[in-house]
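Protein chains: 2
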Amino acid sequence: MRKEKLLNIPAIRRMPTYLHKLLKMQAEGRSSVSSTELADYMKIELIVVRKDISLTGISGQRRVGYDVNELIRYIKNYLGWDEIISGVLVGAGSLGTALLGYTDFAHYGFRIDHVFDISPEKIGRDIYGRTVCDVNDMAACFAGNPPEIAVICVSNSAAQGVADKLVSLGVKYIWNFANVSLQVPPHVVVQREVIAGGLAMLSVRRKQDRTENDG
Amino acid sequence: MRKEKLLNIPAIRRMPTYLHKLLKMQAEGRSSVSSTELADYMKIELIVVRKDISLTGISGQRRVGYDVNELIRYIKNYLGWDEIISGVLVGAGSLGTALLGYTDFAHYGFRIDHVFDISPEKIGRDIYGRTVCDVNDMAACFAGNPPEIAVICVSNSAAQGVADKLVSLGVKYIWNFANVSLQVPPHVVVQREVIAGGLAMLSVRRKQDRTENDG
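Respectively, the protein sequence lines represent chains S and Z.
Residue 91 in my numbering sits at position 91 of the first sequence; the count goes up by one each step and never skips.
Residue 284 in my numbering sits at position 69 of the second sequence; the count goes up by one each step and never skips.
Chain S extracted, bound-state conformation (with noise of 0.2 Å):
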């Protein structure tokens, strides 16, 4: 519980998006990128950018700002995405496919290697080239070996004992999609994933227009 009140979230949010652009100017050749040429692409001010960036442990900006190969060395192993990290996925649903489409997370160094399912007409499929697995096999497919982190994408109902499951297996991260608090024991890490977080933001910037127009 501590640790969490150190951490700065919306910083922490944001270190996929810069990751991203890097990358892309990475294969674009591009060399050194300008605290002000991200303020830019990610829409928030320089100083915030700075401070994101000092996170990293990267040493203060030189006048032809950052080189990107180490900028991107510096964000990767802030994240410890500088190693593979294996993952699995529970719940092949519309959001688990759409997760496993996810591309970039190969270059984040996020390998799922399995996806598990409960439904008959679900198990067997391939999906993104993973075949989808029963979910009473996971022990078997883990063979001692869990996952670091485990991604569950199930209903609401059925998270919770996928939760269990995965715990018991070994399994210590776990992002749940599920629209609840799961209970795991304390060396266990979740990360609940509240997709309306995103459309509160949108509504919290809304309402303020509004007050303001009103006004």
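For the record, the hints were derived by calculation from the structure and aren't laboratory data.
Fair warning: this is a prediction, and the values are worked out from it, not measured in the lab.
The reader is advised that the hints may include incorrect statements.
Unchecked claim - Below 16 Å or equal to it, Euclidean Cα-Cα: the simulated EDC-like pairs (lysine to aspartate or glutamate) are:
| no. | chain 1 | residue 1 | chain 2 | residue 2 |
| --- | --- | --- | --- | --- |
| 1 | Z | K236 | Z | D319 |
| 2 | S | K207 | Z | E298 |
| 3 | S | K43 | Z | E408 |
Unchecked claim - Ranges of calculated distance between the beta carbons of each label pair, as one might list FRET restraints:
| no. | chain 1 | residue 1 | chain 2 | residue 2 | range |
| --- | --- | --- | --- | --- | --- |
| 4 | S | R125 | Z | T346 | 23 to 31 Å |
| 5 | S | E28 | Z | S246 | 54 to 62 Å |
| 6 | Z | D424 | S | A140 | 26 to 34 Å |
| 7 | S | S32 | Z | D341 | 44 to 52 Å |
| 8 | Z | T251 | S | I47 | 30 to 38 Å |
| 9 | Z | G344 | S | E70 | 49 to 57 Å |
| 10 | Z | P335 | S | E70 | 44 to 52 Å |
Glycine included, each C-beta is placed from N, C-alpha and C at the ideal position.
Given chain S's structure and the hints, the job is docking chain Z onto it.
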């Protein structure tokens, strides 16, 4: 640009989670809730819960806790979710389908009236009770009444074109799930949703654990 800096992003993103829990309590006939219970549910510290809730403008917590109905009203009002917000969704792929199946939007007053796609295979299909329309019929569909919020779930390469069209038809709030920085006029607000942001959060926690174990 200035306003964004004033927003407490993590607090706003947490609002739908409070609301989800409170609506459940309301359905169960609960009349009051303590901040301690909310902190347990949210897995954040008590002081953070109190700060979050104070954002809504509700007056200080009484000894018995918050009145569930009143807190729901304040959160909804803060987000502008106390009235219906009209929406459309463009891109009926797996992510778009997942969003259309997100039943909580209805409780948040967000009503997706139309779904558009460019693919002949998808046009005419029914997704959770909505018929997918041809993206080229968008102007006719709006008939001069643009929706308030448009959700973009198309490919990265198609997103800017879709945004241009939406803006030209009068849409002012865009919820963008494509992994691109959309260029829009200053009066248009874009909320860019980066799915990998949650993975970054989980990865930083994992990295911290590993660093501690090494040390």
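Problem - Those earlier numbered hints the structure runs against, lowest number first - result: No hint contradicted; all consistent.
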